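Number of protein chains: 2
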Amino acid sequence: MAARKKTAKKKTTKTASKAATGKTGRRAANSAQDKAARVAAINAAKDDVTIQQIREAATDVHKHIMKKAKPDLSFPVRSLKNVSYSTKRGYFEIGKQKKVRTLTVNTVKSFAQTLRMMGLSKELVETNDFATKRDAYYQSKNWEDAKFDEQSESDTVMDDIEALFSTRGTSREQLRFVPDEHGGAVAGQLVVLDPDRETGEVERIDCTRFGSGAYSIPSTVEHLSFETDAKFILAIETGGVFQRLQSHKFWQTSNCILVSLAGVPTRATRRFIRKLSDECKIPVYAFVDCDPYGISNIYRTLKVGSGNAAHLSQFFCVPQARYLGVTPQDIVDYDLPTHPLLDVDIKRAKDALKNDPFFKSHKSWQKAIEQLLKMGVRAEQQALAKWGLNYVIEEYLPRKLDQRANFLP
Amino acid sequence: MAARKKTAKKKTTKTASKAATGKTGRRAANSAQDKAARVAAINAAKDDVTIQQIREAATDVHKHIMKKAKPDLSFPVRSLKNVSYSTKRGYFEIGKQKKVRTLTVNTVKSFAQTLRMMGLSKELVETNDFATKRDAYYQSKNWEDAKFDEQSESDTVMDDIEALFSTRGTSREQLRFVPDEHGGAVAGQLVVLDPDRETGEVERIDCTRFGSGAYSIPSTVEHLSFETDAKFILAIETGGVFQRLQSHKFWQTSNCILVSLAGVPTRATRRFIRKLSDECKIPVYAFVDCDPYGISNIYRTLKVGSGNAAHLSQFFCVPQARYLGVTPQDIVDYDLPTHPLLDVDIKRAKDALKNDPFFKSHKSWQKAIEQLLKMGVRAEQQALAKWGLNYVIEEYLPRKLDQRANFLP
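So the sequences go chain by chain: A and B.
Under the working numbering, think of the first position of the first sequence as 17, with each following residue one higher.
Under the working numbering, think of the first position of the second sequence as 17, with each following residue one higher.
Just so you know, these hints were derived from the structure itself, not from any lab.
Do not rely on the hints blindly, as some may be mistaken.
Copies of the same chain look alike in the list, so a pair counts if it fits in one copy or across any two.
What the hints assert, rightly or not - Straight-line distance between alpha carbons at most 20 Å, and here's what the computed SDA-like set of lysine to any residue pairs gives:
1. K125 <-> E142
2. K97 <-> G279
3. K104 <-> I362
4. K115 <-> K376
5. K115 <-> T103
6. K157 <-> D351
7. K149 <-> P87
8. K297 <-> R150
9. K149 <-> Y407
10. K163 <-> Y350
11. K402 <-> L140
12. K114 <-> H378
Owing to the predicted nature of the structure, the values given are computational and were not obtained by experimental measurement.
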């Protein structure tokens, strides 16, 4: 902790010397430095809380043992049955059901492993490092009797710990457990502020300056802050459409930020969008294929989270997201080429109508999904290319963006 | 074409005004401008050739028709049986077998579609735009009788056209057919020069300046050029290891460029590594899991290409790549935690030994794979975390890099 706080103080912006040739430059640099310092201070405070929470949980176990009582740890049950959808908060929430792990002869190993894993987390926070699930599994190979035999075991323990601390408002990323996957790609009217993990020096990453390439989101984003005047974030399902919008600088003409989801968005991508939207108060519009997968997997996961990881929703979902398209009505209005719905599509759509608390609480979504089922077809976002490769840029998106009130919730 | 050539002339570097405050800055900016102009000139010349080739193929068809003869188009056969491995060139090559499509009553539709697809390509080159396979499929929906009913049909026609022109040294990207997938992530001692597609203005993208994030490779890279003093390119299988090396700035201490493969590398990633390595004359080292998938799918595809797309190998494979690890011998030397080989692993390894021309022509690889089969285990690159999360940075990679002569071919 001491190390982190110290670095926060010597924080400077790398681009400052270059940019600070005019008043505007100096102001921008100062503001970047201030912003990053504020985020660093918030994170340092959060780190203190995280360590405190780990200490408390461990102290409680220790006290029980000292009193010769059986210690226990209680975790929220992670299953669809222990999930509720709060229309007010706008995301899936984990319920109150708990499972209790008491230290007995039979549970001694997994109990010890849980404590070691909490110890690893504490160490990672203290050294400002991170571990993936795989890293943690292999780390355990040096824990002698407490080592895991299979990664599935260590994954479960990690998930339990996350669920435990999530009920205290602490996310997986604050515990320094990060995903193994890539973040998505970003381009447009955005400057990302990223302080160096050792020196605290702030890198200003200008997402208008990537040419035809893009900014790749790191696997954890808690330390980032942002500067932007963009009017909205456009979250795009396919790499092809993202590349078209990026190459033709759609972000410039529309003053927006493009994010490539590349299918169901990774945790880092979701968290990045959420953080960016929250901190800069900009709306998020989703642009995905018009099929039950695009609607009920990609969009629903982005917006309200997923059922079996509801303990993460409070950090990762983007409840402010709205659905720009492609909508079932667009198939009619734009006379789009379609494919017939497959059995798996029909099953997914019916499931959504019947079982998904999100769709069940939004009439307009029920109507849209029923319309899709009735038409018996699906359409990809690239189907707009029927009218010309750049029709999406020149016609479809501008027209849609003129009628934002009509976006599905 | 006129448009492209014109833009090449007014080419400037965006960062020039900022950077050109000292002699070095001015020199760097000039050199960036020169380099990008050189690449633009080469590409413009290639575009001329591409259009010429399309014209010739079409003119030939036209001439036959005028003479009232049946026109035909002949394509290389795209199958494993028509592939050879050239140890000298170092990649899979497509053989001499051809299939001929003659215009008859039965083939009239696919013949027409092939010509329209070639026409689309010509149009894309002329407008400096691009299309994915999906884009092309949907574009065809306005081709009246020549429209495709299924994307699989348009994909086949596109593949045929690519194979046809590949025998004349023209790549899919030169035809402006680009993949729908993301490129990988890049960080380290590299400046990417990316000229704007409309103004020709050059963006200098400094890959040391992304904080914990990274540069995301665009779906086509032909227009890029590079500035680097890096000693090598490290191609990394997993996002987790890439993030660790990036966050801890391994590229700085080792003066290298990190590229995340994220599994079997996409076409854009392979082409990016190849182009970068060729143009800047820097070696490529692969760092992947020690299992038959990592060796015979990820590494082999990166290095020599894949059997069923051999017509692309000349552009996409990286014959100069060498295998840093994880090697079967590393499992012994570093006492790594392992998993038993699954049946599918054993099958894949035996297939490689028996049928793969690449492994068949390298004794050291045969020995390594046989060793793996004998041990009956596999190890992930993150298994090194057993010795500490940053052991890979502090011990493993430096030790390996001291013995580059021992890298597997």
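For each hint, the structure was consulted:
no.	hint	verdict
1	K125 <-> E142	neither (26 Å within a copy, 67 Å between copies)
2	K97 <-> G279	neither (26 Å within a copy, 35 Å between copies)
3	K104 <-> I362	neither (29 Å within a copy, 53 Å between copies)
4	K115 <-> K376	neither (29 Å within a copy, 55 Å between copies)
5	K115 <-> T103	neither (27 Å within a copy, 61 Å between copies)
6	K157 <-> D351	between (59 Å within a copy, 11 Å between copies)
7	K149 <-> P87	neither (26 Å within a copy, 60 Å between copies)
8	K297 <-> R150	neither (35 Å within a copy, 35 Å between copies)
9	K149 <-> Y407	between (43 Å within a copy, 17 Å between copies)
10	K163 <-> Y350	between (58 Å within a copy, 18 Å between copies)
11	K402 <-> L140	between (52 Å within a copy, 15 Å between copies)
12	K114 <-> H378	neither (30 Å within a copy, 57 Å between copies)
When held up to the earlier numbered hints, the structure conflicts with 1, 2, 3, 4, 5, 7, 8 and 12 and fits the remainder.
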